[in-house]
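Protein chains: 2
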Amino acid sequence: MKKLYTLAIISGLLLFACSPKEEAIKEPAVTYLSSWNDGATKRAIMDFVTKTTTEGSADFIPVADRIATFDNDGNLWAEQPVYFQLLFAIDQIKTMAPEHPEWKNEQPYKALLEGDIKAALAGGEKALLQIVMTTHGGMSNDEFAASVKNWIDTATHPKTGKHYNEMIYQPMVELLEYLRAHDFKTFIVSGGGVDFMRVWVEEAYGIPPYQVVGSSNKARFEVAEDGSTSVVKLQELNFIDDKEGKPVGIYQHIGQRPVFASGNSDGDYQMLQWTTTAKGYPRFGLLLHHTDAEREWAYDRESHIGQLNKGLDDAQKFGWTVIDMKNDWKKVFPFDE
Amino acid sequence: MKKLYTLAIISGLLLFACSPKEEAIKEPAVTYLSSWNDGATKRAIMDFVTKTTTEGSADFIPVADRIATFDNDGNLWAEQPVYFQLLFAIDQIKTMAPEHPEWKNEQPYKALLEGDIKAALAGGEKALLQIVMTTHGGMSNDEFAASVKNWIDTATHPKTGKHYNEMIYQPMVELLEYLRAHDFKTFIVSGGGVDFMRVWVEEAYGIPPYQVVGSSNKARFEVAEDGSTSVVKLQELNFIDDKEGKPVGIYQHIGQRPVFASGNSDGDYQMLQWTTTAKGYPRFGLLLHHTDAEREWAYDRESHIGQLNKGLDDAQKFGWTVIDMKNDWKKVFPFDE
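These protein sequence lines map, in sequence, to chains P and A. The first sequence: position 131 = 131 (the UniProt record's numbering), numbered continuously. The second sequence: position 258 = 258 (the UniProt record's numbering), numbered continuously.
Note that these hints are calculated values from the structure, not bench results. Nothing here was measured: the structure is a model prediction, and the numbers come from that model. The reader is advised that the hints may include incorrect statements.
Remember, identical chains collapse to one label, so a pair may be satisfied in a single copy or spanning two.
Unchecked claim - Below, a list of computed lysine-lysine pairs in the BS3-like style, where the Cα atoms sit at most 30 Å apart: (1) Lys162 - Lys330; (2) Lys94 - Lys126; (3) Lys218 - Lys279; (4) Lys279 - Lys149; (5) Lys331 - Lys310; (6) Lys279 - Lys104; (7) Lys317 - Lys104; (8) Lys326 - Lys94; (9) Lys185 - Lys149; (10) Lys159 - Lys118.
Here chain P stands alone, though its shape is the one from the complex (with noise of 0.2 Å):
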């Protein structure tokens, strides 16, 4: 009997030794989406990806179709007061005006100098076209990306504070990690640069830079004297990932329709669409409606920047899923208490 007895404790703790390892493997001790609050909006993202992901249920969709897409300026990071990427095109204007004495007396650079946003933004989508252009091109990717890399490490947001990298939703990184844990791919879906995100958003949300779409530039590969070589992000547009470009956009560099797009303005209303009217398997739709004014900003439909006005009237059409950001969240930024 003792003998049995000792048999028996020395199997446990043999077996002890050896399994925590396997079930590491199997399902990590982690407690999913714990930032968002208890609710319909949190049940239904978890009924979706449990129902999706569970062997042998009827709406199972298979590993290599579980495609997910992410809006990010006012969806994964915040907007305002204006997208962030302008704030960092202003700020490199700032830094390249001394070699360009003619911008004291040429808008919009003028009005950007003096410190009057509004004012260099009077002239227009011509105007924002030229801020970018001259911020964005005429150099190589990598003066390109070393550039970002310094202004997310040094410039700070004008109310929090902060850096911008750090004024993401700890809700919707979380997320991020709980569709992932799942084996869904996540992929940034956004009407920002491409290779302005590619350089923070691995660190930031854990997406690969060939995971991210978004707008670009015409591009050059050059060969120097000197036989180094390099692709040199050119004064032109290429394409532009926004509305009815974000499908076109998704096709063109993931090449399958996802089961699960994210967005929170009516620039991500035709991805949304576009996931949730497909055929087959389930799809979900999640829409970011920004209703906390304390914690974040309160803006919607007449909003300057991140406007939300079809998406909010055909949410339920679709059966769209809308986040409401003071109820459903317990927390915002990662920073905050």
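Since the structure of chain P is already known, use the hints to place chain A on it.
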């Protein structure tokens, strides 16, 4: 003594019961590159992978930067007598002909329908583009994918009688597997149509659709009256992923300079050049030289397709490794003895 002995046996059994799983995670019991003959080429590949993936090595490359790019035509699958995608386009012309009676009198269609490929291509690039646009545009991406899948499943090669996706190079498939087992991400970077390849490459090479870079048409998002949505391929070129286009395509799609690049023609020259002239990590350039007239085809400098001229001239200068197909490969196709 007997008790200890029993314990030892039980302990052994328990350890045995849980150890195989753990070992399988560390290092699968697979012999890589088994279709490669031992020799300088195989050794160069293995030396590079070993030194760049061994922790503590001066040449160590972090996992996030292990990007490997592969040309497709003549590099992962065969390309003689002409690019297989052109054979697909010709078959499509024949399928579409009953709806286009005017083709009987219109080049290049007339010549194609009469089986005279040479005459059809006498119109040069313009004729080729016309054939490709007629068969690769003006339909939804789903319709196009279905036509490619049908062709891959049914069409056979005029010389071997095999399906085209059987005419892949077994040693290259093993090289892809070997790199992935060492945490390299493997991408296709081809002058061929990106959505032509995406239909069948995952099954053939284990490369998912979103890791395929290629030439493309422009596309448009469309909503039908019944609310269904599609991305439609237009009869307009978007991007040619060949020659100096390859570094640009890699930059736009992957966003990182590869550390390993593999090709077989002068269309791959700039991709290898951009890869192996980079600073920092060690890099590897690999050229496949078609030297095997018996098991495959022998061609290089004067070939009408897959011409390799500049690459052979400059391989030594850039330190590229050249595969001699006849001597380096034990077998060419998976169906070879």
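Have a look at Lys326 and Lys94 and pick one of within, between, both or neither, based on CA distance no larger than 30 Å. neither (36 Å within a copy, 60 Å between copies)
Is it within a copy, between copies, both, or neither that the alpha carbon of Lys279 lies no farther than 30 Å from that of Lys149? between (41 Å within a copy, 19 Å between copies)
Check Lys317 against Lys104 for me: Cα-Cα at most 30 Å, and say if that holds within a copy, between copies, both or neither. neither (51 Å within a copy, 49 Å between copies)
Is the C-alpha distance from Lys159 to Lys118 at most 30 Å within one copy, between copies, in both cases, or in neither? within (18 Å within a copy, 68 Å between copies)
Status of Lys310 relative to Lys331 across identical chains (alpha carbons, at most 30 Å): within (27 Å within a copy, 59 Å between copies)
Intra- versus inter-copy proximity for Lys126 and Lys94 (alpha-carbon distance at most 30 Å): For Lys94 and Lys126, only the intra-copy Cα distance (19 Å) is at most 30 Å; the inter-copy one is 48 Å.
Have a look at Lys185 and Lys149 and pick one of within, between, both or neither, based on CA distance no larger than 30 Å. This pair counts as both: shortest intra-copy Cα distance 25 Å, inter-copy 24 Å.
Is it within a copy, between copies, both, or neither that the alpha carbon of Lys279 lies no farther than 30 Å from that of Lys104? neither (56 Å within a copy, 39 Å between copies)
Intra- versus inter-copy proximity for Lys279 and Lys218 (alpha-carbon distance at most 30 Å): between (35 Å within a copy, 24 Å between copies)
Is the C-alpha distance from Lys162 to Lys330 at most 30 Å within one copy, between copies, in both cases, or in neither? within (20 Å within a copy, 59 Å between copies)
Hints 6, 7 and 8 from the list above are not met by this structure, while the remaining hints are.
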